[in-house]
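Undergrad: From first to last, the protein sequence lines stand for chains C and G. The opening position of the first sequence corresponds to residue 1 in my numbering, with each subsequent residue numbered one higher. The opening position of the second sequence corresponds to residue 1 in my numbering, with each subsequent residue numbered one higher.
Check the hints yourself; a few may be wrong.
[To be verified] Cut-off 25 Å, straight-line C-alpha distance, at most; resulting in silico cross-link-like pairs (DSS-like, lysine-lysine):
#1 Lys17(G) / Lys98(G)
#2 Lys98(G) / Lys138(C)
#3 Lys17(G) / Lys92(C)
#4 Lys138(C) / Lys125(C)
#5 Lys125(C) / Lys17(G)
#6 Lys138(C) / Lys92(C)
#7 Lys92(C) / Lys125(C)
#8 Lys92(C) / Lys98(G)
#9 Lys17(G) / Lys138(C)
These are computed hints drawn from the structure, not numbers from a lab. Treat the numbers as computed from the prediction; the structure is a model and nothing was measured.
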Amino acid sequence: MNPDHVIEVDAIRKAYGPTVAADDVSFTVRRGEIFGLIGPNGAGKTTTMECIEGLRAPDAGRIQVLGLDPVRDRWALQLRIGVQLQEAQLQKRIKVWEAVAFWRSLYPTAVAGGRLLRQLGLHDKRDAWFMTLSGGQKQRLFIALALVNDPEVVFLDELTTGLDPQARRAIWDLVRGIRDRGKTVFLTTHLMEEAERLCDRVAILDHGRIIDMDRPAALVERHCPQRTVVVATEFPDAADRFEAVPSATAVRSEGDRHTIDGRGDDLITDVIHTISEHRMPVSEFRTVLPTLEDVFLTLTGRSIRA
Amino acid sequence: MQAMLRNLLHLVWLETKIFVREPLGVVGSVAVPVLLFLVVGRIAIGGAGARAVQEAAPGDVAFLRTDLPVFVAILITLSAVLSLVTIIAIYREGGILKRLRATPVRPPTILLAHVLVKLLFTAVTLGLMVLAGRRFYPVGVDAPLAAFTVALVLSTWSLLSIGFVIASVVPTARFAQPLGALLLYPMIPLSGLFTPIDTLPPALETVARFLPLTYAVSLLRGIWSGNPWSAHLGDVAVLGLVFVVATGVASRVFRWE
Numbered sequence: 001m002n003p004d005h006v007i008e009v010d011a012i013r014k015a016y017g018p019t020v021a022a023d024d025v026s027f028t029v030r031r032g033e034i035f036g037l038i039g040p041n042g043a044g045k046t047t048t049m050e051c052i053e054g055l056r057a058p059d060a061g062r063i064q065v066l067g068l069d070p071v072r073d074r075w076a077l078q079l080r081i082g083v084q085l086q087e088a089q090l091q092k093r094i095k096v097w098e099a100v101a102f103w104r105s106l107y108p109t110a111v112a113g114g115r116l117l118r119q120l121g122l123h124d125k126r127d128a129w130f131m132t133l134s135g136g137q138k139q140r141l142f143i144a145l146a147l148v149n150d151p152e153v154v155f156l157d158e159l160t161t162g163l164d165p166q167a168r169r170a171i172w173d174l175v176r177g178i179r180d181r182g183k184t185v186f187l188t189t190h191l192m193e194e195a196e197r198l199c200d201r202v203a204i205l206d207h208g209r210i211i212d213m214d215r216p217a218a219l220v221e222r223h224c225p226q227r228t229v230v231v232a233t234e235f236p237d238a239a240d241r242f243e244a245v246p247s248a249t250a251v252r253s254e255g256d257r258h259t260i261d262g263r264g265d266d267l268i269t270d271v272i273h274t275i276s277e278h279r280m281p282v283s284e285f286r287t288v289l290p291t292l293e294d295v296f297l298t299l300t301g302r303s304i305r306a
Numbered sequence: 001m002q003a004m005l006r007n008l009l010h011l012v013w014l015e016t017k018i019f020v021r022e023p024l025g026v027v028g029s030v031a032v033p034v035l036l037f038l039v040v041g042r043i044a045i046g047g048a049g050a051r052a053v054q055e056a057a058p059g060d061v062a063f064l065r066t067d068l069p070v071f072v073a074i075l076i077t078l079s080a081v082l083s084l085v086t087i088i089a090i091y092r093e094g095g096i097l098k099r100l101r102a103t104p105v106r107p108p109t110i111l112l113a114h115v116l117v118k119l120l121f122t123a124v125t126l127g128l129m130v131l132a133g134r135r136f137y138p139v140g141v142d143a144p145l146a147a148f149t150v151a152l153v154l155s156t157w158s159l160l161s162i163g164f165v166i167a168s169v170v171p172t173a174r175f176a177q178p179l180g181a182l183l184l185y186p187m188i189p190l191s192g193l194f195t196p197i198d199t200l201p202p203a204l205e206t207v208a209r210f211l212p213l214t215y216a217v218s219l220l221r222g223i224w225s226g227n228p229w230s231a232h233l234g235d236v237a238v239l240g241l242v243f244v245v246a247t248g249v250a251s252r253v254f255r256w257e
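In isolation and in its complexed conformation, chain G is listed as follows (with noise of 0.2 Å):
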């Protein structure tokens, strides 16, 4: 157990400082969350700057406030899923998973350690865009952001969980990206996050029920918008059987080579 501990962090460090070298894997996680959150709140407040906040119409304020912040949010989770499937990918085609396996190391810890960098470069962009909003969006937002980091950690996990099932199903390394972006983008649109669900067409609503990703953004803009934790217990349930079911899914069909 202690050496599977030891492992395990060796190996999350070991990893960490790989993905940091792979220059597009930083932008693509990292700065291009951070910075379309920049680039789509200044075309939101009509592109004056800091002061134009307070004539913004209200509407727009509210965008900045919430949708925004959810909005990022969500894209940094669909990026870290994404990232992860890739890097499985290469790693099950490089041989490298197999490599790996013909050691001393158990399997779950080598899978454990990608989630766990992927959830460590979540929090890293999250506390980013915090302060890339500090500077340039004064709008006095008041999101208690402790328990909006925990939300978007679970809301990853448990989305995480799902890219073990695409990781499993992609054919080769070089689909990995594409395919992936068309199941996972896809859903942005029906999850609630630009038009309330309940306002979609009886048949996507029905579709947008069953996408883990609503469950998310329900979680993480109620979380934002100061909600307890108690009026969110059907999400976080939700994403917790999200978890459960991906991850028995995965240990079934995910492939080492």
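Pulled out of the complex, with its shape left as it was, chain C reads as follows (with noise of 0.2 Å):
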């Protein structure tokens, strides 16, 4: 195993009865980033990831994290790697510092209890008890968990699923923080935006097959090559003017606004040019480029979020 290659993931299947979660599902996951495993409900990232953390086994295929087999070498492993399960509870009653304390005795090596809540911001919620905890306190408390043992590699499934914007930016935050301090970060999301913002490199999973693998933006301009211009001006003949912009492929125009489409990082440029060559006055001008969710889309032909 490439001692860089954390995780190595080779043609796994994994089957329920007759519905197959995973189907000839096969990447690595390099140290040092944060790897994203995505797709919508149902596609199989839940099911890939445990068969990488132990807890399920595949059907066929083969799996080699930190150069250990997650199944026969379970016990091994689990020291090494931390987890945080989609919707997991604790006990309704437990208290915050008793969970991490309980963590903490089952492994031989442990990071300090307290700075650890610190990090985390749970500090003056040391003493509250589980069910008494906000949906983005129990999240970051399952994040403490899964550092607990200052493991290699952290897998995190779903992680912000169900929390405002404001406690997702906030776990957003804490996951770059993980990578910033050497580790590997593996994780789920069906939350297209995290992806771009977090993940380093991506995989994208639909019906229990990886469609395509790259950087999110390296995927965007493979496969969605298309910007558009959004422009408003009073210039009088500016519909004729952006017609004439030699990277547009369609212009519509609403009163004052111009929707200019066009492929390429030229477009932008072009239409700039144009916009000074004919002094337009220009009271609006906006770019819209596209997303992974439109990557999805071209690939899949149906929406991420249907």
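Combine both chains into one complex, guided by the hints.
TA: Written as structure tokens, this is what we have:
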């Protein structure tokens, strides 16, 4: 195994009766990156992740994590990874500090509990019962538990589902902090914005199969090269002028507002050039870039939110 | 091995604290049996207080001396089993069992910790019952309490293994309590507690002979009335067999999620 490869998944398959949750899934996660397994609900993300964590055994294929087999070497692996599970709960009336203390006691080496709670902003909640925590606080506690043994790889499954945007952003900062301390993060999400903002590389999973894998920007470039510029101007012949932009493929005009579609980064430069050439008075200028949601739509013909 | 023991003790302590914080849990498994003991006892001796015991009919005194303590002991056991079934169902549905499995804790440690917590509260409840009995029913009971405690813990241990089988089949946590009660409490009238099983109709008698509770009742009653353990080797053997079989079945059908 390449020492730079923290996780190697080779052609795994997992079926529950007639339902194939993961089909010929292969990918590699490199040391120190945030790798995202993305796709709609039911695509097989959690199944794949739980095979890698050693919670499930794949029907076929091979997995190596830190050079270990997750099923055969499960106990050795558990000491070196940290796990947050989708929709897991703790005992309703366990206190925050009790959970951290118990988790710390399970590992031969553990980070200082007090510092961990401060890092995650839970220090003043240390005596609170689990059931009294907000959704964001619960998730931060689960991150704390996943970090308690100073793991080399951290697994996060649908970490921010159900959180409000503010709590979500706070969690993203925490996850970036984990990577910046030299750890590898493997996460799943069905939120494309989360994948785009957080992940160094992503693999798109649909119906149990990986349909493409790369840096988010590279995926957008590859599958959705179109760009759109929206300009509002009172200039009389604006629509005709924009039609003449070499890289523009379509122009739609509603009153003073013009929407110009085209391919490649040249479009934006060309539109700016046209505006300055004709000295147009511009009251609005906006570029619309495609996102991973558009990539998913292009690749599958379906919206990921459907 | 040492780590396992340390994890086990830590988990027992943690689950004990959590159980005590659950108001209904303690009421159901500790307060209800003790209160029932006091109330039923009062009714049996005519509500006239302790002095009436001397004048009470000999049958009533016999009821107070053996049947009531054994009855309450059985209730303690069954409420421990029911509480275990409910907790396991809630822990499974909430993903708590799964979360614990994604750690270095060995799965049997998690389940054993719950069994030990239940046994601990069984012993505590029995202790409270004995104290309450001393205070309110000075009928001069001379039961071997240490042996009785051992017999109760053994019976509970055995029946808790059935609890794991029930916990494996309940579909959701909401059904755990009613379904558990439906399976457990009908065993009481057939267990020989109120009517000797050889006076039951033949069909029911056959059923009774297959109920583990019957052997728990026989053991508890015998030990309470001062029989030696050698007179109850059969009961102990059956309870041991129930434990082995139920644990074997549970380890095959138990679901963690």
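Undergrad: Quick one: which hint numbers does this structure break? Sort them smallest to largest.
TA: When the structure is compared with the hints, none of them turns out to be violated.
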